[in-house]
Structures are given as structure tokens and as C-alpha cells.
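K.L.:
Chain order of the listed sequences is A and B.
The first sequence begins at 4 in my numbering and counts up by one.
The second sequence begins at 3 in my numbering and counts up by one.
Just so you know, not all the hints are guaranteed correct.
Claimed, not checked - Only pairs whose alpha carbons sit at most 20 angstroms apart, straight line, appear in this in silico DMTMM-like list of lysine to aspartate or glutamate: (1) A/Lys134 - B/Glu246; (2) B/Lys56 - A/Asp222; (3) B/Lys301 - B/Glu246; (4) B/Lys76 - A/Asp39; (5) B/Lys56 - B/Glu32.
Rather than coming from a laboratory, the hints here were simulated on the basis of the structure.
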Amino acid sequence: MSVAAPRPRPLPARRERKQRSPAGSLSRPRIHPFDDEAWLGRMLLAPAVIYIVALVGFPFFLAIFYSVSDATVGSTTLHFVGLRNYERILQDPTFWRSLRNAVVFTVVSQALVVVLGKILAMALYADFPGKWAVRFLILLPWVAPISLGSIGWLWIFDPVYSVINWSGRALHLFGPGFWPIWLGQPDLAMASIVMVDVWRLLPLATVIILAGMSSIPQDIHDAAAVDGAGFWRHLFRINLPLIMPIMLVALLFGIVFTFTDLIVVYVLTRGGPFDSTQVIASYAYFTGVQGGDLATGAAISLFLFPALVAVAIVFLTIAKRTEVT
Amino acid sequence: MATVETRALTKNFDSGNAVDGIDLAVREGEFLVLVGPSGCGKTTLLRMLAGLEKPSSGDVLIGGRVVTWLPPRKRDIAMVFQSYALYPHLSVYGNIAFPLQSAGLPRKEIAAKVENAAAMFGIDRLLSRKPRQLSGGERQRVALARAVVRDPVVFLLDEPLSNLDAKLRTSARDELQQFQRRLGTTTVYVTHDQVEAMGLGDRIAVLDHGRIHQLGAPRDVYHDPADTFVATFIGSPPMNLLGEGDVVSGVRPEQLLPRAAFDGGDAIVPFPFTVNRIEYLGADRLVYGTLEAPHPRTKVISRLPSTIALPIETGRRYDFAVRERDLKYFDRETGRRKLRG
Numbered sequence: 004m005s006v007a008a009p010r011p012r013p014l015p016a017r018r019e020r021k022q023r024s025p026a027g028s029l030s031r032p033r034i035h036p037f038d039d040e041a042w043l044g045r046m047l048l049a050p051a052v053i054y055i056v057a058l059v060g061f062p063f064f065l066a067i068f069y070s071v072s073d074a075t076v077g078s079t080t081l082h083f084v085g086l087r088n089y090e091r092i093l094q095d096p097t098f099w100r101s102l103r104n105a106v107v108f109t110v111v112s113q114a115l116v117v118v119l120g121k122i123l124a125m126a127l128y129a130d131f132p133g134k135w136a137v138r139f140l141i142l143l144p145w146v147a148p149i150s151l152g153s154i155g156w157l158w159i160f161d162p163v164y165s166v167i168n169w170s171g172r173a174l175h176l177f178g179p180g181f182w183p184i185w186l187g188q189p190d191l192a193m194a195s196i197v198m199v200d201v202w203r204l205l206p207l208a209t210v211i212i213l214a215g216m217s218s219i220p221q222d223i224h225d226a227a228a229v230d231g232a233g234f235w236r237h238l239f240r241i242n243l244p245l246i247m248p249i250m251l252v253a254l255l256f257g258i259v260f261t262f263t264d265l266i267v268v269y270v271l272t273r274g275g276p277f278d279s280t281q282v283i284a285s286y287a288y289f290t291g292v293q294g295g296d297l298a299t300g301a302a303i304s305l306f307l308f309p310a311l312v313a314v315a316i317v318f319l320t321i322a323k324r325t326e327v328t
Numbered sequence: 003m004a005t006v007e008t009r010a011l012t013k014n015f016d017s018g019n020a021v022d023g024i025d026l027a028v029r030e031g032e033f034l035v036l037v038g039p040s041g042c043g044k045t046t047l048l049r050m051l052a053g054l055e056k057p058s059s060g061d062v063l064i065g066g067r068v069v070t071w072l073p074p075r076k077r078d079i080a081m082v083f084q085s086y087a088l089y090p091h092l093s094v095y096g097n098i099a100f101p102l103q104s105a106g107l108p109r110k111e112i113a114a115k116v117e118n119a120a121a122m123f124g125i126d127r128l129l130s131r132k133p134r135q136l137s138g139g140e141r142q143r144v145a146l147a148r149a150v151v152r153d154p155v156v157f158l159l160d161e162p163l164s165n166l167d168a169k170l171r172t173s174a175r176d177e178l179q180q181f182q183r184r185l186g187t188t189t190v191y192v193t194h195d196q197v198e199a200m201g202l203g204d205r206i207a208v209l210d211h212g213r214i215h216q217l218g219a220p221r222d223v224y225h226d227p228a229d230t231f232v233a234t235f236i237g238s239p240p241m242n243l244l245g246e247g248d249v250v251s252g253v254r255p256e257q258l259l260p261r262a263a264f265d266g267g268d269a270i271v272p273f274p275f276t277v278n279r280i281e282y283l284g285a286d287r288l289v290y291g292t293l294e295a296p297h298p299r300t301k302v303i304s305r306l307p308s309t310i311a312l313p314i315e316t317g318r319r320y321d322f323a324v325r326e327r328d329l330k331y332f333d334r335e336t337g338r339r340k341l342r343g
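Isolated chain A, as found in the complex:
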């Protein structure tokens, strides 16, 4: 593919000719596209636009198309079936279960991420020796590939080798008959994937909140201290309101990442046991790709869209309203 910029013409010559031409000539002088800001802007934007259209826009409309058809992996033909796929999904108890799980998974993990992220950011905001090393270590889970991290957690939760269980036993925290099967018991499985998701998203939230805290001038903290605010009043009346917009940004990212996440569930539990950790993304994958029912899978995955749009609108509105100078 070539963008085929027209060959540069001898500009000065053309300009000279233009200047000499009589005033009646209406044609604008042709200049090289790189010198024309309108064209330069379009050309610089083009790669991003092409990328989004090809990798987000096209699949999105393809999913809408599939969701009203009877497409399967095994067939090259498809027919329009209207909203039949959606009807079937709405009557499917596993779908409702997945939706509920996705909401629980997202709400619980993000509540933990925001609270822990704020606490961690406050700890890291203070000055202490080795602060940079600690900040670096805390950021590591974010830069590690999520699938590798999840596989690591798979071993941590292993029914036989679980480091949590053996440590608990060694420290006499777990009694002789107590041996949790982390990924095999429904409640514990949900707790486990929440734990991994928190582990993964906490660094990003911490760094975002830390940046927000650093943007508050020290004078404001000093003024609050002189004005008689103790720790809690300072936290809830001054500190939190001032970083609220940026915390909402962290939360928005977290919700989007978690609600659409497939990898943690896929690697750790495959939605089990008994669909107790099945979420919309994983259910869509298992139905559409592994089960071969492309149409139903596409329809399930489209339920992510309105939820995420609503979340984005709500949070961007709040963030705009609470914006400070």
C-alpha cells in the first residue's frame, strides 16, 4: 500500500508564475500536500482511523450482522433470522447467571481496587528511602502479560500445591481438616478470580491516583492542617473530593477492563465450577468460538456494549462536573 504523495513540484517556479499571472486567474496555487495543513492533518490521522475501523469498527458491525443470522463455524452460508438469537439468550438461565457474575465480579473487584489503590497511593506518596524501588515493584503486575500472571495464579490456587494452603498450614492458621479448593468451590472460585483481577488492576489505579494526589498543591494540605482538620476530615473533605475526577478515570478503566475480561476466567476456571464464575465475555467465547454457534456468541457479546456505553457516559459526565480549576 502506498499513500502515493504527488511528486514534489518545483514550487518556487510555480509561485513566480502565479504572481505574474493576471488578477483574473481564479485557480488557487497548488501546493504540496505536506505543506497544506488540512491535508497533513488528515494524513497523520489516517493510520489511527484505519486501525480503529479495521480492528474495532469492522468486527463490531460484523458481530451485529452475525447476531441476527444463523451463522455457525461449520457452515459457509447464513440466513437472516431477526431477533431470534436474542430471544433465546434472554430465556437462557446461564446467560443471566453470567450477567450477574460479571456484575458481581466487576463491582467487588473495582470496589477493592479503588479502596486499596487509594491506601497504597497514600503510602507511596509519603517520602521514604527506596520509594522508587517500591513504586517500580508495585507496577510490575501491570506490565507482566496477563496470561502469564494468570497461569502463575493457577499454581497458587492449585488444589494440591497451593502456596496459600501450605503457608496457612505451616503458620497454623489452617486446621488439620481445613483445605480450601480455591478454584473448585463456587464461592471460593469467585473470590479467587476477584483476587487475581485486583492484583492485576491495582497498580494502574494506584499510579493514576498517585498522579492525582501529586497534583494537589502542598499549601492546600497545610491549610487544612492549620484549619483544624484531623486525618479523616482531611481525607473525606479535602483529599478525596480533589482527586475524585481522576479516581473516576481509574475506576472507568477498571470497570471496562474487568467487565470485558476473558483471560482471567479462561485460564483459571473456564467459567466453572457449575458456571459460578461464568461471565458474559467467557460465555460468549465458549458459545461462539468453542461451541461453534457464532450467531449466539455474537449476540451474547453485544450485551457488553450498552452496559459499557452507559458506564462511560455516566463517569465522563461526573468527571466533567467535579472538575476543579
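Dock chain B against chain A, hints included.
P.N.:
Only chain B this time, still in chain A's reference frame:
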């Protein structure tokens, strides 16, 4: 109202002592100004009085009580910051009410006090605005109202006028002093502006390198500087210093006048000099020149009020003089004041 006292107060930073063993006693109801060049330790000293900075050694006493290790909120002080440090997410009302809410006052009492304080500073129309919707002068008033509303025993002000434009600063200075007189609250005020210091302070403390060089009424500091630092820091243009042997003599520019301006009652010392440059400032003329024999060739400045109409040209030599009792003498080695040359 209370006294404020420091005893051998010291603060070390990595780069040296920011505040170096300062003993200071602020009287009850007094307006004391800490003045000095930037980096002289005046702000660090104020922050230690506020409790925002922990001293390396020494003690702070407020109202006779040792408060060195108490947090700011237990000291019953109010502070106004150079940036005003208004809470950007709270309305003007919320800002002024904040210290009262922290003190746990009932809602009704808070409303009454806030309205009172706002009225005092003429900002009662602005109570529902956010700080970003206010002008610089209005912000400064909100900061003052927030400090006053709680009836603290001490006000600490850190260059509160430096973000105002020159015209507003003059009127704000006037108002500030009136409020302080009316409330009678002990006030410690930090500035690097000597005009502000002279105009506002009952007494001023001149600081440099973490030490107080002189503490006294503006008049005394100006006319009887304790050392060459004070002599050159206070006064604009600064005092002329002429070195002779191990004694430095000092002359204020407005006391170095043409010989004809003296009426003969006092003993005078002649200071002939050649004029290099003249600055016409309206009310005054600043005459820059070089001293002639018998004095060492030193650059000096004379400040002639417009009442002295003597025509002066550059490049010519004039007979100037100083009253003998206006001459100050300093030790060259230590810079300290000496009684006689």
C-alpha cells in the same frame, strides 16, 4: 490573644541551617514582621510557629505554653498562605466554614460566624462562588476571612499580598493593618518586601541566613541599623557604605545633601563627589556619583527631595555633606555597629 515565643529554635536542612538558634518574643497583640531576602529562613520560621515544620531543636511557645510537638490544629492559630490555598472544590462559604466545622460548632453558629466574617471583608455577595470564579483580591479576602472566622489567638501570614498587583497591594496593606488593630490579635507576618515590613510592623525582625540581625521598631531599624546587612537591606536605595581602614561608615542617601541645604546649626562632614548619573523620580532625584578626596573613591547615591531645586549636571563635581550625627560606623570585620570611628 497570646504571646508567641521561640527559644533557640533551629531547623537543619541538608544544605545547612535554615533557621539557626532563633530567640524571638512576640508581644501580645503585636504586629511583628519577619523580613529578609529569599532563603533567609523567614518562611521556615513561620511554618515552625504554625507546626507545619518540626524544629530540629529548640522550642515554640504560644501563650506561654510549649507547643513544639503539637500539630497545627492544637495550636489555635490561623494562617494565610501566599497562594491563599483556598479549597478549590468548596464554595466561598464552604472555605470560610471549614475551620468552624473542624472545630465541631453547631450549624447555626457556623452560618452566623461565616456571614459575619464575610461582611467584615465585603465578600458576602460571593459566598456561593467557587474560588476559581474570584479575582485575586477577592481570593485574598476569602483567605483572610477564613483565618479570622475562628478567632484564633495568633495570625500567621506568609506573604499574603505578594500575588496582588501593585495598586491593590497598597490598599490591601492599609486594610490589613486596620483589621489587625481592630481585632488586636497577635500577628506574625512574613515578607521579603521592606516597604511592606516598614509600613505594617509594630516591630520588624530582619533575618538573614537563619539568624535575626535586628529586632525593633521600623524607625529604630532604619535609623539605627545593628549591622551592615540591616543597613543595606532596609532602605531604598540602600545606605552608602564607605570603607576606611577597619571602620566602615554609613550614610543614608537622603542624608547626603548639597552643602547649601544645611542651615549651619549642626556639625557637618563634607562629602565632595562627581556626578555620574541622575534619575528623576518625580518626588525625588537620585544622584549617582563617585566620592572625591579625602574620601576613598567609592560609588554613592544621594536622594534629593524635590524641595531642593539645586540644578545638577552629570560629570561635574559638587560639594555635598552629611550631618556628623547622621554618620553610622560599622566594624569592617564583623559588620557590627560601632559607636565611633
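K.L.:
None of the hints should be skipped; say for each whether it holds.
P.N.:
Structure-based check of each hint:
1. Taking the CA atoms of lysine 134 of chain A and glutamate 246 of chain B, the gap is near 57 angstroms; set against the 20 angstroms cutoff, the hint is violated.
2. Note on lysine 56 of chain B and aspartate 222 of chain A: the hinted pairing holds, with a Cα-Cα distance of about 16 angstroms set against a maximum of 20 angstroms.
3. For the proposed pair lysine 301 of chain B and glutamate 246 of chain B, the alpha carbon gap of about 14 angstroms is at most 20 angstroms, so the pair holds.
4. For the proposed pair lysine 76 of chain B and aspartate 39 of chain A, the alpha carbon gap of about 65 angstroms is over 20 angstroms, so the pair is violated.
5. For a cut-off of 20 angstroms, the pair hint linking lysine 56 of chain B to glutamate 32 of chain B is broken: about 25 angstroms separates their Cα positions.
Violated hints, listed in ascending order, are 1, 4, 5; each of the other numbered hints is respected by the structure.
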